[in-house]
Amino acid sequence: MNLLNIVLALPAAGFLIGLLLPKGNAGVARTFALIVSLVTFIASLGLLAPVMANHAAMQWVTDVPWIASPNIHYHVGLDGISVWLVILTTLLTPICVLLSWNYIRQRPKEFYIFLLLLEFGLAGVFCALDLFLFYVFWEVSLVPMYFLIGIWGYDRRIYAAVKFFIYTMTGSVLMLAAMIYIYGRAGTFDYPAIVGMLNSGSLRFGSAEQLPLFLAFFLAFAIKVPLFPLHTWLPDAHGEAPTAGSIMLAAVMLKMGCYGLIRFCLPLFPNAARQSGNWIITLAIIGIIYGALVAMVQPNMKRLVAYSSVSHLGFVVLGIFSFSQQGADGAVYQMLNHGISTGALFALVGLLHERGHTLEIKHYGGVATAAPWLAVAFMITSLASIGLPSLNNFVGEFLVLQGAALSYFPWAVWAAIGVILSAVYMLWFYQRLFFGKMPEAVKTHVYDLKAREWLAIVPLIVMMVWMGTAAQTFLPSITAVNARILEQSKANVEFQVKLRNEPNRAEASVEPESIHVR
Amino acid sequence: MQLLWLIPILPLAGFAVNGLFGRKMPKSMITLVAVGSVLLSFAWAVKTLLALQPLNQPYVERYFTWFSSGSLNVGFDLMVDRLTAVMLLVVTGVGSLIHIYSIGYMHAEDGYYRFFAFLNLFMFFMLTLVMGANFLVLFVGWEGVGLCSYLLIGYYFVRDYAADAGKKAFIVNRIGDFGFSLAMFLIFAMFGSLDFGRVFAAAASKPVESAGGALTLICFLLLLGATGKSAQIPLYVWLPDAMAGPTPVSALIHAATMVTAGVYMTARSAALFLKAPMAMDAVAIIGIVTAFMAATIGLTQFDIKKVFAYSTVSQLGYMFVGVGVGAFDAGIFHVMTHAFFKALLFLGAGAVIHGLHDEQDMRNMGGLRKHMPIACWTLFIASLAIAGVPGFSGYFSKDEILIAAHGRSPMLYWLGVITAGMTAFYVFRAWFMTFLGRYRGQAHPHESPLVMTVPLMVLAALSAGGGFIPVPHILAAVLPAAHAGHHDPSLAIIAAAAGLIGIGLAYLFYVVKPGLPGAVANGLGGLYRLVCNKYYVDEIYDHTVVQPIKSGSETLLWKVTDVGLVDGIVNGLGRLSASVGGGLRTMQSGNIRSYAAWVVFGSLLVLVFIGMAGGAR
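So the sequence lines, in the order shown, correspond to chains A and B.
Taking my numbering, the leading residue of the first sequence gets 1, the next gets one more, and so forth.
Taking my numbering, the leading residue of the second sequence gets 1001, the next gets one more, and so forth.
Since the hints were derived computationally from the structure, they do not count as laboratory data.
For each residue, glycine too, the CB sits at the ideal point set by N, CA and C.
Hints may contain errors.
For the chain B half of the interface with chain A, some residues (derived, Cβ under 10 Å), not all of them [stated by the list, open to error]:
{"no.": "1", "residue": "Asp1160"}
{"no.": "2", "residue": "Ile1171"}
{"no.": "3", "residue": "Arg1174"}
{"no.": "4", "residue": "Phe1188"}
{"no.": "5", "residue": "Phe1191"}
{"no.": "6", "residue": "Ile1493"}
{"no.": "7", "residue": "Asp1562"}
These stretches of chain A come out as covered by chain B in the derived footprint (C-beta under 8 Å, 3 or more residues) [claimed, not checked]:
{"no.": "8", "stretch": "255 to 265"}
{"no.": "9", "stretch": "323 to 337"}
{"no.": "10", "stretch": "391 to 400"}
{"no.": "11", "stretch": "422 to 428"}
Please put together the full structure from these sequences, using the hints given.
Pasting the structure below:
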């Protein structure tokens, strides 16, 4: 059994064993979840070595038949992009456990095992290489998140959970239909095999099929990202989710959509992706500016951060659809950066909520006086979020904007406005929470970080600095995979041009340059 | 290897120690770490420069790759050439003096460790800025000093105006950085690199764009960045507010070093600007208009720090004129002399404020000559220097700029001369109001301790004699000299005379006939109010930019578009399908069992689909 399977099996086993734990005993449940998630995290670090040695090829591959008919395999593997997303997931899970330690009092056992199930689903999404398996993991991750919001959320949790569920379901049903159509054409759900067929020319999606298929996938992913105007589930979900739910949602779950775009949409439907690039980028840029402006005027802390995510993830989509090396690298790096910095932001907002018992910004003020270290952690995280050079987000944003500028300079101009606005909403947010005089409630209720909270926050801050200054730890593997994906996304452009210009000769023409997946 | 990295790292280490442990350390330890690290940095800079003499070629040290993607490869590279050398000595030298001064100025503050930690962090970023060997490392310093400026302006964060001022500084600078970033994207697109050496070498072979072009666009975008950092029109509005920070911060960051970064960056990019004459002209015009306008405002202010703040904006305008007319060396010369005399003006003002227990209004000062003679006479020297009295440092650098400006356009020269007259007037107005006459306040004025007055005296010596440091000669090897026009001695005499006339008028207004300023102000009526209220620029920005964005985002974007339109459609669709299928209502009941049933149902549906698809094959 290779290590990847162990990393996947650990949280799944944790979930199943957790079912047997005594009800209502928070101490046992959280200790159990912490141990399982820490072991998973440590194990997942072991995944890095072979991927770092050979960036572009899939490592840790397991490919065994699962269902005979239809032909579905348990096919998993990791390359230089997915390995980081898996580690992001395994890093954040124990942090979520630590942050929920005293916060979750109601039905603790169920809470922690759902967290482990969520980890299983999310990690699975990033390593699935069989389309159907991918879909299964996609849905598996949906269920625990639904419960995390619906059971442990705030007042309007049911509305938020259902909205989250329906939005995601709408997209994923279409994606499933598209997958089944592809299965009908290719005779397999196996992703590398399908890409191989596309590259060799033995499988071709004509433009009449390619666009609807692309849109079906795209819609599922765009909802998850979320891309403007499909984002309105996000503020509600975040506004109502408990801290751990918000962290996993923002830091990892949104990346499922981004990951899907770059992993599936570009290589599978290169022509449709390029054809649609302009309007997708338009939506991304609208999202960047719109998300920032709406974030600015939010009275609720979590909704503010949620809208800021809409803005940040616009950069990811912009980078992917700029079809440039820098753009794609920046997009993937930004996925990780956003995971760290927005994860930390939700963690810190959660800590404030734990103290002040409200998410309304106007009830806070002067917290820097009451809790100076909390203020420092929040400041560093805010600075990361607004892209201060030497912290993580800067590198990603810079690459995305550079890539966009190389493709079409005005895109960079518009998107860079978002960088100005991020400073506006974050610094104003920070000022209202931490500066000024303390209201009475803050004076009596707000205390500084405790040891357990330090343990949860410090790793994230270390990552912000590390990713901001030593980006080459991460980028070479990302670059290698993106270079391959961009080549694949060019593979059929030639074919498309021929289709357009010389429709009669298209079928008879020379095979497009074949690019091998492995 | 000269271990260049030690120069910025030492203050960073000071920041780390004081930032992490300062709260529990005794004050003496904090001081030792903070001031010691900067002094060591200064010493290491001097040692390095001596070792690298004569430094005819840039000396570059490459450490490690920061990030790379495709053909873009950015390294953490530091360099020293003669331009950097001048900046290094000014930053570490003046920086050290201000650190020492701060020991006395800040001794009673609770946030002593925090203040010094931020000040050290500022030194780190400022040194990174001047030593960076590519645009991105420069940008690290560029945004980093902005961050420290934000943190230190907001040092008294309990007071709303300080927090507001800090935020304003950061955001306005971000607008400038927007231009800087876009310029970098274009530079990479055009030259395939962000490395100074490669970019400038490649730029040298490009034709001069007299009718505009890509390089011109790049330079305009860089100029936008420079106007933010160096407080020029249209982005100067943050600097006067920045005076909310402690006075040593105003001296170090908002007078001597950080605000000159725009001038440094423009001079550094001389190879680009020389190919873009339109952008050069824009630099000079923005500079002269800013210099003139800020000086007029300086005439009317009563807060001593505000007077010097507008003075800084105005003097930075001179530096822009210098680099804009191609006299890059003169611009940097003025950066240096200005660092001496303006740091001294602020520190002297700080000594006065300190001695009067936080009084900043000059109407409540007067007669302090007897109470604080050292502050009085050091400030006198600084005032002579900024007024351009021959022999004092400001005279030499301002003279170089004005003569070069005359070579480009006599109009620039004459506006510069009038501004010089106004400069002399407002700075001596401040000096007369503060030190002459009788004391009008309530406090018990006293001289500051030696730890504060010694830096004043050192700076006074530099303000007096700094003009004899041959900066233009030193820089001749790296920066293109100004087009040597006809050196008409009368130009220098006129400029010096303007300064003396300004001093004389100030003496007439504020010593001989103290009733005169009020009468003149009344006589001017609306014009005086316009200038006194800073031309209402803040109000105009607020009404045309800030408020519309805020209310537009709140109502149009959030409540109408997001909640009303987009969510309205979503919820409408939800209700529609609910009434059609009735299924949603069950789900919205929040009943988990019914949800589970849905999952089972959905999974069945999936399997049926698959069966059909599989069968169809």
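Here is what the structure says about each hint:
| no. | hint | in the structure |
| --- | --- | --- |
| 1 | Asp1160 | holds (6 Å) |
| 2 | Ile1171 | holds (5 Å) |
| 3 | Arg1174 | holds (5 Å) |
| 4 | Phe1188 | holds (6 Å) |
| 5 | Phe1191 | violated (13 Å) |
| 6 | Ile1493 | violated (47 Å) |
| 7 | Asp1562 | holds (6 Å) |
| 8 | 255 to 265 | violated (count 0) |
| 9 | 323 to 337 | holds (count 5) |
| 10 | 391 to 400 | holds (count 3) |
| 11 | 422 to 428 | holds (count 4) |
Violated hints, listed in ascending order, are 5, 6, 8; each of the other numbered hints is respected by the structure.
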